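Chemist: Chain residues, written in single-letter form:
Protein chains: 2
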Amino acid sequence: MTKKKIPDIIIGRLPLYLRALERMATEDTIVTSSKELGEWVGISAAQIRKDISQFGEFGKQGTGYNIEFLSKKLREIMNIDRVWDVAIIGAGDIGKGLARYQGFLDRGFRVRLAFDNSPDKIGTKIGDVVVEDIANMVKSINEAKVKVAIIAVPAENAQSVADELAKTGVKAILNYATICIGVPEGVKVQYIDPATHLQWMTYYL
Amino acid sequence: MTKKKIPDIIIGRLPLYLRALERMATEDTIVTSSKELGEWVGISAAQIRKDISQFGEFGKQGTGYNIEFLSKKLREIMNIDRVWDVAIIGAGDIGKGLARYQGFLDRGFRVRLAFDNSPDKIGTKIGDVVVEDIANMVKSINEAKVKVAIIAVPAENAQSVADELAKTGVKAILNYATICIGVPEGVKVQYIDPATHLQWMTYYL
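Order-wise, the sequence lines are chains A and B.
Using the working numbering, the letters of the first sequence map in sequence onto residues -8 to 196.
Using the working numbering, the letters of the second sequence map in sequence onto residues -8 to 196.
One or more of the hints may lead you astray.
Copies of one chain are not kept apart here, so a pair can be met inside one copy or by any two copies together.
BS3-like, lysine-lysine: derived pairs with alpha carbons at most 30 Å apart [to be verified]:
| no. | residue 1 | residue 2 |
| --- | --- | --- |
| 1 | Lys162 | Lys26 |
| 2 | Lys(-4) | Lys26 |
| 3 | Lys162 | Lys64 |
| 4 | Lys(-4) | Lys130 |
| 5 | Lys116 | Lys162 |
| 6 | Lys130 | Lys63 |
| 7 | Lys158 | Lys63 |
| 8 | Lys26 | Lys130 |
| 9 | Lys(-4) | Lys162 |
| 10 | Lys51 | Lys179 |
| 11 | Lys136 | Lys64 |
| 12 | Lys26 | Lys116 |
| 13 | Lys64 | Lys116 |
What the hints contain is simulated information worked out from the structure, not anything from laboratory work.
Every value quoted in this text rests on a predicted model; they were computed, and no experiment measured them.
Using the sequences and the hints, build the whole thing.
Modeler: Next comes the structure, spelled out in structure tokens:
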């Protein structure tokens, strides 16, 4: 698919639409409208129609969107009509929780590698993977051709992990460390930061 | 402060601006520009000026924004010029990680209560709090007048926890369970969902 330049903010909403559609599908719903989808995700119907129309004509006026069809199209657009191997760096509470998380596979991801620097953790099994010594990280990630990594190390170690990841083919990093990390051009970073989400809500309190 | 209706999407960007400003401050920077701030957060300078100007005149043309002043104003706007007590429901990997997380207090939050239904966990200490029996949740939250809760239980239990929280004064819920929860009118919910963040990035791979 040739891609026209679509604003990041629209791309960022696609996973939310897909998640809502997948939930609707479990309730045996066949068709939805931009209005209903909007109520699920808290975005206006007009915005949803505009966002989705960026990628083609996936709905019919008066009929709405076929949930299965639109979900399939969104998966194709987001490149999750396949499974991506993921490396987790840091096998503490968060890393362990992620490795054990059963929901990834349905949604396009499989934890393939995990790393830590603690002798207590190296060699132990978390989820389906054995924790490797972080010293082997660059080599193992390159051998496994992993492109997606999750950083779950303390903030003070996150940049050095990111620097090592720059020596691999990793192009997408989900960072749980509460610090901004510098990465090479062409590498995407997303942050999971509970305080940011909480701050968003306290505005309304 | 009387609040005019500001779009949620703008409110959602304020914590990102604040996080960037706080990082800049640790590097002894005094003043920043919408351009520099934009580079930190990946949002255009024009959008940042527009967002911030919704709340008042906090910068000067040609001089930019004083970091300390703008941070203070953003904290006031987001109601985090105080500390909010937080209840964590679920003392598994995620709940434990959150309870131990040292970064909350600087950013407006303090874990005050934690709950679980497992006899193995009730009575144990995570971070600075002792895990209570979830059967006491409504009573304890109401006594402590906690308004902010984090749900970190398995997906299948999340809705019943949300239903119990509806009997308390909790008005802001951060949900780590990978399921949409229904809450009463006036309660805000945010989701932490790693797969959603990963899907955002795989579009670009």
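Chemist: Run every hint past the structure and note whether it holds.
Modeler: We went through each hint and held it up to the structure:
no.	hint	result
1	Lys162 x Lys26	between (35 Å within a copy, 25 Å between copies)
2	Lys(-4) x Lys26	both (26 Å within a copy, 22 Å between copies)
3	Lys162 x Lys64	within (23 Å within a copy, 36 Å between copies)
4	Lys(-4) x Lys130	neither (34 Å within a copy, 52 Å between copies)
5	Lys116 x Lys162	within (26 Å within a copy, 39 Å between copies)
6	Lys130 x Lys63	neither (35 Å within a copy, 45 Å between copies)
7	Lys158 x Lys63	neither (34 Å within a copy, 39 Å between copies)
8	Lys26 x Lys130	neither (49 Å within a copy, 38 Å between copies)
9	Lys(-4) x Lys162	within (19 Å within a copy, 39 Å between copies)
10	Lys51 x Lys179	neither (34 Å within a copy, 32 Å between copies)
11	Lys136 x Lys64	within (26 Å within a copy, 46 Å between copies)
12	Lys26 x Lys116	neither (45 Å within a copy, 46 Å between copies)
13	Lys64 x Lys116	neither (36 Å within a copy, 47 Å between copies)
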